[in-house]
Amino acid sequence: MTDNLQLNAEGKLKHFLTIEGLSKSLLTEILDTAESFAGMSEHQVKKVPLLRGKTIVNLFFENSTRTRTTFELAATRLSADVINMNIATSATSKGESLLDTIRNLEAMFVDMFVVRHALSGAAHFIAQQTAPHISVINAGDGQHAHPTQAMLDMFTIRQIKPDFSSLRVAIIGDILHSRVARSEIQALNTLGAAEVRVIAPKTLLPAHVESLGVTVSHNLTEGLKDIDVVMMLRLQKERMSSALLPSESEYFKCFGLTEEKLKIAKPDAIVMHPGPINRGVEIDSKVADGPQSVILKQVSNGIAVRMAVMAMAMQKQGAAQ
Amino acid sequence: MKRIRIDLGRIIDPANNIDRIGSVYIADGKIVSVTDEPVGFKPDTVIDAENQIVCPGFIDLSTRLRDMGHSRKATFKSEVLAAAAAGITTLCLQPDTVPVIDTPAVVELIKELAEKADYPQIYAVGGLTQKLDGAELSSMLSLKQAGCIAVGNANQPVKNLLILRRAMEYAASHDLLLMFRPNDFWLSNNGCAHEGAVATRYGLPSTPEAAETIALAQCLELAELTGCRVHFGQLSCKRSVIKIHQAKKYGLKVSADVAIHQLHLTENDMTPFDSAYHVLPPLRTEADKQYLRKGLAGSTLNSICSDHQPHDLDAKLGAFPETEPGMSSLETLLPLMLKLVTQHAITLEQGIACLSANPARVLRLNSGALTPGFSADVCIFDPEREWQVNSANWKSQGVNTPFWGQTLKGRVTHTLQAGKIIHRL
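Protein chains in written order, with my numbering: chain A, 1 to 321; chain B, 1001 to 1425.
Source of the hints: derived by calculation from the structure; they are not laboratory data. Any given hint might turn out to be false.
[Stated by the list, open to error] Computed far set for chain B versus chain A, every beta-carbon distance over 10 Å:
#, residue
1, Thr1035
2, Val1039
3, Asp1118
4, Gly1203
5, Lys1238
6, Leu1252
7, Lys1253
8, Leu1317
9, Pro1321
10, Gln1388
[Unchecked claim] Stretch-level coverage of chain A by chain B, calculated; a stretch enters the list once three of its residues show a Cβ under 8 Å from a Cβ in chain B:
#, region
11, 121 to 128
12, 141 to 148
[To be verified] Simulated restraints, written as ranges between beta carbons of each label pair:
#, chain 1, residue 1, chain 2, residue 2, range
13, A, Ala131, B, Gln1343, 38 to 44 Å
14, A, Pro132, B, Ser1142, 56 to 62 Å
15, A, Pro267, B, Asn1268, 41 to 47 Å
16, A, Glu210, B, Glu1224, 57 to 63 Å
17, B, Lys1077, A, Pro276, 53 to 59 Å
18, B, Thr1271, A, Ser25, 24 to 30 Å
19, A, Pro132, B, Glu1386, 31 to 37 Å
20, B, Ser1142, A, Gly213, 54 to 60 Å
21, A, Pro132, B, Asn1051, 46 to 52 Å
22, A, Lys24, B, Asn1268, 20 to 26 Å
23, A, His133, B, Gly1405, 22 to 28 Å
24, A, Ser247, B, Glu1112, 58 to 64 Å
C-beta: ideal position from N, C-alpha, C; glycine also.
The task is simple: from the sequences and hints, build the whole structure.
If you want it as structure tokens, here you go:
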């Protein structure tokens, strides 16, 4: 059902809710489309008219700066009209249900929702309930999925290391609460990575994590051996208060990425982080700002990848009508 | 009063070890005879039950009928029609109504609503603690005198084991049955799915089996310490069945039931984020399902309940974790029990006993059997008749069932409650 919901009758992208159920060729198509938009940002005129006359609503039930801004830039560069709605401080705080918020916006003839929500499944729910002409892009739902983040990371990896089949990727940190990690794992496995390894203490790993198609390590020094891509995850402060970890300093000691530990990975390994980073908690500043870091490249690539996903979802929708 | 004869049906009455074709004779609301015609019996009504099964009316150990503060979800009037259509003649109402069943006044109100709905056999389970707050004991003796058949705290936690111990001691002093759904509040961690591969894939907050088994183990220890009779409700996992088996072997007077959906559905059946599958305890693994079935076959679990929880549409519209748990499940109870029989998990006689004689024994009711002198609670069903779960056939106000649209086998044609025909197909 997940995959059916995302694709139209011709098997083209209609909603982008999760990586799960999407084929390698579709993911590759997203990356290739993003490639064609990637150079645009450096041009004098940064716009193409692909989505002229379309209205896109950024529907953020959870605060976010980076993701919302890159979605907004992506939509603007496709010439769409963009409305930013910060629901965290508006309708639902007045008691309006998620469905009512959606119905009201539908009544304003919008064409696409970009949704971020604190609960897993929120984007699926909206895609199921919304009018058939509207596309839904998941910008992060609870602990479930953040598919555009995964695709921009795949894009960044491909720029530097084009052959996925030879890659060993380590994802380090709070896998349990991370929608980014779930989407990265699915994308890497779909694109045929040689190994996806998760490195974390047991308190930050979900039950049966191996069932996601990963190998598991609880030790960063051992876990970094032979790794081509190091993906760090952000550690939320509240993990300490809910007894998942003793302290930030102990976490940094065990799982923080330092220059010294990075040497264990392959010499040409790249370091990634979905941001915002906690310097001195999961990553040392020298690594975050160092030569192997591609963190800012990830941010730039976010625009091209989000343009690609929006353009594909809207274009296929047009063709279907 | 009215005399009824039910003809030519296959009579299955597990408590009396009867399985044969014959007639059932009813007069003045009571069973008069099974098979043997009483001298001079002249029926006012004859029900033809040829090719059908005639058995004791079903007793459901865990039901929510909503109403009162939740009448937008369902009312006694709507749900007793569903119960009657399902062959259920006795219902146990969990205490988490609005207002909570923690005073005799609320018990009286429930009796009144039951009378008004023409379905008097609704038994209230009284709150174990006031407002189900888990902290202060309810007036259990008063509740018992008002008509409560047992006490329990529904899905609400009891604050600590000392309070649970005292509540159980107090209940035991008045020979009250404790109906207990084991669930450790902290370990359950607001989960809405089983802690396993599916919840991990969908990033859903999850609850491990240990939340159930630890609470179960604690309560079993207290059952021995306090001598309180305990019935464990809606068990969901293999390790719980093992624990109950060991406790019974050890000699504790405990019993346990399972909700019908746990015998058919697992975490793998969940359509992604479909709130119809949101239940508590959550749907667990295939191994758990198979072991629950074994538990029934081996009589470790002695009853099947509907765990009926009707909801309004809004309660199920939202992102999965924010939707309300529970299924509307009275009307699927019999067909799903029969499916266990066709899948050779249990025998038909066992299935009927799990819905009648056994729950009657748990509640110490003179019911659940076609014994002469017992209230004439009878269910007549056609085990071969197929029907679709759709709005034309559905009585409950809650349409929150994952079986919606499916064709099920087994349909109740007549239900008699105390000799009164309360349902006729």
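Check each numbered hint from earlier against the structure, then list the numbers of those it violates in ascending order. 4, 8, 9, 16
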